[in-house]
Amino acid sequence: MRLALLVDLQRCLGCDTCTLACKQENGTPRDVFFARVLNMETGTFPKVKRSYLPVLCNHCADAPCLRACPNKAIFRRSDGIVLIDQDRCNGTGACVSACPYGNIFLTPSDEWYFPADSPYEHYAKARLEPGKARKCTYCAHRLDQGLEPACVVACPGEARIFGDLEDPESKLSQYLRTQQERTGREPFRLLEELATDPSTRYLRPVNGTATTDASSGNLSGTRAAR
Amino acid sequence: MVTARRVPGRFADDGPEPDIRYIRTVDSPNCTGACGWLAAVQDGTIIDLKPAADYPDPAYNPRCCLRGMSATSLIYHPDRLKTPLIRAGERGEGKWREAGWDEALDLLAAKFKQIAAQYGPESIVFFNQVIGTGNVQKGAQVRLATLLGASYATGYDYNGDISMGYTETVGIDSLESESSAWAEAKTLILWGANILQTRMPDAKFVLKAQENGSRVVVIDPRAAQTSKAADLWLPLVPGTDGLLALGLCRLIIENHWLDLDFIRTFTDLPLLVRLDTGERLRASDLGLGTSDEFVAVVDPTQSAGPVNSADSANLAANSADSADSADSANPANLANSTNPDENNPATAGGTPPRFVGVSPQSLRLEDGTQVSLQGSYTVRIGSQPVTVRPAFALLSEHLQEERYALDNVARETGLPAGDIAELARLYAQNRPAQIIIGMGVNHRFHSDLAIRSILLLGALTGGFGKPGQSVDIYSGQHHVRFDISPWWYPDGHRPNVISMHYVVMPEKSPTMNAKVHLPRQGFHALFFSHANIFTTSHVNEWQRIRENLDFIVAVDFMKTSSTELADLVLPAPTFWEKYELVVTGPHPYAQIQQPVIPPRFESKSEFWMMKELARRLNPEWESYFNLSEEEVIDYLLANGGPISKGITLAALKKGPVRLNLPNPDVPLAENIANQIPLPPRAYPHQEGAQREFLKTGRMEFYKEEKSFREAGESLPTYKNAYSHLTAEERKFSLAFMTPHAKWRVHSTHVNNPWLQNLNRRPVVEINPSDASSRQIKDGDKVEIFNLYGRFQLWARVTESIRPGALSVDHGWWGRYLARGEYNNVLLPERVKPVQETYFLPAVYAPGQLWKDPRVEIRRVD
Amino acid sequence: MIWPILATIVTIGVLFFILASALVSATPLHGAPTLGTAINLGQWAKPERVDLSAAIIGLIALAFVLRFFGRWLRLSGLALERDYLRTLGGRRILRDIVRALLGDSLALASVLKRSKKRWLVHSLVLYGFLLMTLSTSLAALLNYADAPHGFWWPPRIAGNLGGLSTLIGLSIMAWRLWRDPYENNGKTYRADLAFVILLYLTTLMGFATEYTMYGLNVPLAHDVFLLHMLLVSLLFLTFPFTRFSHSLLTPFLLIITRLNRSLVNSRNIPAFAEEPAPGRHHKTERLAADLQKQLDPQRTSHAGIRYFP
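Residue numbers (the numbering used here), protein chains in the order written: chain A, 1 to 226; chain B, 1001 to 1861; chain C, 2001 to 2309.
Keep in mind the hints are simulated off the structure, nothing from the lab.
For each residue, glycine too, the CB sits at the ideal point set by N, CA and C.
There could be a bad hint or two in this list.
As the list claims (entries may be wrong) - Subject to a maximum C-alpha distance of 25 angstroms in a straight line, what follows is the list of computed DSS-like cross-link-like pairs (lysine-lysine): (1) Lys1706(B) x Lys1508(B); (2) Lys171(A) x Lys1208(B); (3) Lys1653(B) x Lys1515(B); (4) Lys1654(B) x Lys1731(B); (5) Lys1777(B) x Lys47(A); (6) Lys1082(B) x Lys1095(B); (7) Lys1095(B) x Lys1111(B); (8) Lys1050(B) x Lys1208(B); (9) Lys1719(B) x Lys1050(B); (10) Lys1719(B) x Lys1731(B); (11) Lys1082(B) x Lys1111(B); (12) Lys1654(B) x Lys1050(B); (13) Lys1706(B) x Lys1719(B); (14) Lys171(A) x Lys1050(B); (15) Lys1695(B) x Lys1706(B); (16) Lys125(A) x Lys2113(C); (17) Lys2293(C) x Lys47(A); (18) Lys1695(B) x Lys47(A); (19) Lys1781(B) x Lys125(A); (20) Lys1186(B) x Lys1208(B); (21) Lys1706(B) x Lys1515(B).
Claimed, not checked - So the derived list for chain B, only partly shown, Cβ under 7 angstroms to chain C, looks like this: (22) Ile1643; (23) Arg1760; (24) Asp1809.
Please build the complete structure, drawing on both the sequences and the hints.
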């Protein structure tokens, strides 16, 4: 069993709802965002392309954070989810430096949005211990209750698909198959060359390579056959 | 082995299962999203939000966005208004006295009574932004204003969210398909519409259409978020949208890509126009009918019988008929065929033309006559010979002007000619094709012309009334979808409804429509609800107006930069703490808000406020509010007309209910399928109220009114966006845009710390070429200025904006800028005379010019 | 930035110098530059052969370590951050390095912060290990003749005390590894065990050397010592593959952590503070570039990050 999240960049609006759905669910302090959306622009005017890349913990099979942790606070569950044990974490920050994706968060002290008696602060602080490294858990607590991760249920583009990579009947595997058939897209992973074997997968946008050729006016993009 | 107990997360701790209630409601700030939410409430506190995702049509699940997701940060914001506040110091000084409701309402009633007695009740003006977000609660304010005989100012026109182009052509302020219909389009043209950012819950239909092979074209000077999905991005020079549209129209005509059947049936283009007066020829002029009816000329080659399917051969036949020229099959001859006397078949000795009366009550001619679009004819009116021509002939002649030639359009819009040609081809040939007009085209003095031009593009190709084939304009939450008038307007009375323009304008506009009734002694009290008008509109003008106002009352849930300038502030609950019926413009479901938590602090619903105020103003009025808020919802639904028939509060308590609409709901679909004359009814106005500005019952591309003729705007024409500026105003070299922000709904959420965490400070987007010539680097503090004002913020040097244009996200409060207010540089109020030809509040009323100022920028050290 | 790399390499160098010295020592009295072991290992282990083996083992171990750090360097993205870190200035960088090496790492401040008990066990092993290496090195350096120092020679006492402390610490650790189910992170459990066992054996073999040399004073001592040395070699050879690696990796990563924090606080590079989660701009850039590569392999244009609007 290997649980994984697939982000279909075609369907991603770049809206950051996942960013805040995650915050709402996990009660993170200021400046801590387990799920982020990178906002990129490429090229020079008028050949500019905007693209968005949602990132979150990749739950690598060979996770550098897990190896880097001097306290052995990071572990990998049998379903493939990499977690930071909050009891064992000492907040040394080695994992933060080790993660090539920049998806682990450790703030010297937690800063919050509102005074301590505000509801969010009240509930979030009760769950979090300060000075510990934190990261996306694929909402392991929700999975254990039979629910999908918060960012998945709150994606207005339905761009996030969650499931078991090793189960051919899982939602994720089925989605990948359908997309393979209909749009010819194959999933890719980030920083593959670092050999961390990440779980989180991406599908490139359908118009990902389309650029307008200003001189000819033709759409020169390569479109997948469908 | 190891469980998740040791990792952070909700309810991760041991201990008893907490007692949590889940309540379904709907968020409704001014974004038209109307997203259903499921709130988890523990001990009277919202601890979690998740999209409800319970729409019967699964395509709509889930509906949400980052702003809704962070609603809790507004609900529990420390700046919430807690009690009624009475000003203690000078206006804007920030000195307040907390008061009880009795004291506040007594004061308010006394003030209103005094002002009404002294200056007349009309001198009290009520204003509540986006009434569609509050049919019950904001409706209660209108109800009271009606009872009081006060003025009620509309925001839709004042905000510039509609710019009359749609009204002038279709007779209604705006129309939109439901978003799921977008997915049917093969070509989607997002014209100044940043859908991926401003309409997040609906944006997936654009992306899914693309996934299924549709082409998405984005027309926007900025590579905004939506350009992420662009197959073709056209970064045109700001303000040249109209020229692009007319250039496309010309290409459509040149390439025979016309839907002649549509043009003949649903537009005024076949109707004859008198060249002497510029007005339409009336049936009564020729003794063919009444003066309300019009005249067309029958194509002699196809005089009777059913209308053939449209193709370009028909057009060629028409032009041959009139031009009497061998090579007239060449579409270029469309415009050349028009020397009035020579080409008149009557004088040329051919068959005399047969004129037929055209009634605005019916779209089909009685005997199925095929009418001609071309030619020039002489008729006798009285004893005078008068030359008449179909509007289409005038139009095609107009489009032959050099400025609409592809090369010139390409030069002026700054776009490659090839891209424009490709766009024309896609729109005409890769069908169904959908145009969605967004805010980028509106908010300009001449944007009505641009929108008329875009509608023309649609009409020429028959691009209306099918799923995925329509010309939609962002309607916003002002657009009322069902008949709310029984609740708003008790006993059939109406308040003195005016446009906010006339409150703001320093002097009465010389061309103001006679139907606008201004109080003789001016406005003396302002009651505004959920509006941040002093910040998000003419800041300079408001400064002056406030001095003339004896009393300013603000209703809001948050201390805003506008409530700070009021005399009395009344705390309202948020959307999450009260009942409301939500039926928003483009979304096909009716939903209710129900209190997820009780109103926080001392806040009271606007309904309650109005009831209490009514009682204090006149004890008899209390009976008008003698029902509960839930009963009002049922009352509204029961009286809302066919669209809400059969929907009840009880059903809505269980979840969203689809309005009685076809699926998918596409504008004008019924009119086109059943040939019902335009326009559809604009609520809350009475049936037929729009008839006077759409006299033909068809899409009107020729406006015969004097004001249009004097302005040279009878036909959709292109005028430079800045041509109405004075020479002094035009001296500044940069265009200034204020698009909607990702992090806000207008200025709501501007102080939401979650969103501030992602959007740390206000920036102006500037192209590197503009920046380097002014020694501006990314991150520098800069000042933007023009004749009217100046403000400071930080530079974001980016390739994603066109050189010559600046862009500052709309909605920032002054306190977040480095100095000043971003609306400092706005042009003063000025209204376009053609938009005052008629007056129907929020349907036919002047638009706005937020995007017209020219500015300059410099670095501040 | 070059400083943390240099610091780490110097640290490695010092450790290897100690190791090399422990195995071989110069024989300055004879004037010749040939190296000789401090102890005659018997007829089948000629000093020259021991020298050669030590040098080969040392080189292989060094190669492993360099490869190991090469990977971590790439993972951490430090090289991508060079220009950004440079804005901090040498003094700031040096301060962060010193604090990370001495405070966080050597003084085990980061462990002490959370749990004194854990700190105690950790200290027992770390300082015990350091004492052992120090004493072995000193012995090798100073003991250029065949005559070993006496049992009561102070460095030797320190070494033996270090060994004792290491054994105690390791025993507690081993018990924890055995008893605590959370010690198995599903990935490095065996490597962790391997290090504890290896270090345990090495230390035990050290004591065996002492016992055979001073307690029994038998020629067997030389063989036992050889075995001890072999275990030491194995310990260093397997450095990248066992828990041993964290003794150098953690300081290295802690230096980076401190530097990044300084970079955010300095606000020298606005992007580091502007991003939603400050301090990872260089990694974000790398992800952007990687996506760019995925989307359009031919394109050479640079993907710029915009944090807002």
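What are the numbers of the hints that this structure violates, sorted from low to high? Violated: hints 3, 4, 9, 18, 19, 22.
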